Amino acid sequence: GEDVEQSLFLSVREGDSSVINCTYTDSSSTYLYWYKQEPGAGLQLLTYIFSNMDMKQDQRLTVLLNKKDKHLSLRIADTQTGDSAIYFCALGPGRRALTFGSGTRLQVQP
Amino acid sequence: DTGVSQDPRHKITKRGQNVTFRCDPISEHNRLYWYRQTLGQGPEFLTYFQNEAQLEKSRLLSDRFSAERPKGSFSTLEIQRTEQGDSAMYLCASSLGQQGPSYEQYFGPGTRLTVT
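So the sequences go chain by chain: A and L.
Using this note's numbering, the letters of the first sequence map in sequence onto residues 1 to 110.
Using this note's numbering, the letters of the second sequence map in sequence onto residues 1 to 116.
For the record, the hints were derived by calculation from the structure and aren't laboratory data.
Treat the hints with care, since some could be wrong.
Which residues of chain A face chain L? A partial, calculated answer using Cβ under 8 Å [stated by the list, open to error]:
1. S7
2. F9
3. P39
4. A41
5. L45
6. Y48
7. F88
8. G103
What you are looking at is a predicted structure, and each value in this text was computed from that prediction instead of being measured.
Using N, Cα and C, we set each Cβ at its ideal position, and we do this for glycine too.
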């Protein structure tokens with residue numbers, strides 16, 4: 001099966017950049033996603049990257065993929081208090097179910 | 001609001017009772033997924049449908065669980081003879097299920113089940 005690991009917690013100051021990391025074991029994943037979950041809410045799709053890409057930028061979000069090391073990261077520029085949430089990376093072959101990490105709680109301090 | 005909706009948002013039930021949850025996907029989406037999320041964990045896949053056909057079930061879906069999508073639109077997830085270990089957030093997601101990025105799954109707000 002696929003193992004997806006994330007660090008549990010990250011604390012940053014407002015205005016700084018946040019980098020959330022994810023490592024995985026199954027190299028056959030073709031789509032890699034980042035989701036955001038706020039307390040008591042469902043998951044919000046933030047962005048995704050296809051496995052033949054190294055980087056994708058979407059406004060304040062930058063996704064980096066290192067296929068050799070099986071490492072995915074999400075950088076949030078100019079982090080705001082509204083970015084405080086749990087961030088999940090998820091892997092999929094696309095058409096089937098996703099495999100999620102256990103999530104990284106991002107705390108943004110004013 | 002054209003997002004995925006789920007009903008009820010919260011359900012408290014006594015052990016041994018049956019419960020049923022409903023999910024309404026985004027209208028043009030033909031794929032529908034059910035996940036379960038326990039505290040401090042990411043969602044775990046339960047089952048998914050392509051239109052009305054149930055294409056895959058995970059080993060988490062014991063015989064007490066049944067899911068249907070009779071007309072290829074809304075779906076129901078029923079849990080019979082609930083156990084305390086069934087307490088979790090049940091999440092529904094939908095996707096277009098065509099090519100490339102249209103496989104993006106959009107999640108509903110979830111149904112939080114508490115079994116006492």
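Comparing the hints with the structure gives:
no.: 1; hint: S7; result: violated (13 Å)
no.: 2; hint: F9; result: violated (11 Å)
no.: 3; hint: P39; result: violated (12 Å)
no.: 4; hint: A41; result: holds (6 Å)
no.: 5; hint: L45; result: holds (6 Å)
no.: 6; hint: Y48; result: holds (7 Å)
no.: 7; hint: F88; result: holds (5 Å)
no.: 8; hint: G103; result: holds (5 Å)
The structure is inconsistent with the numbered hints 1, 2 and 3, although it conforms to all the rest.
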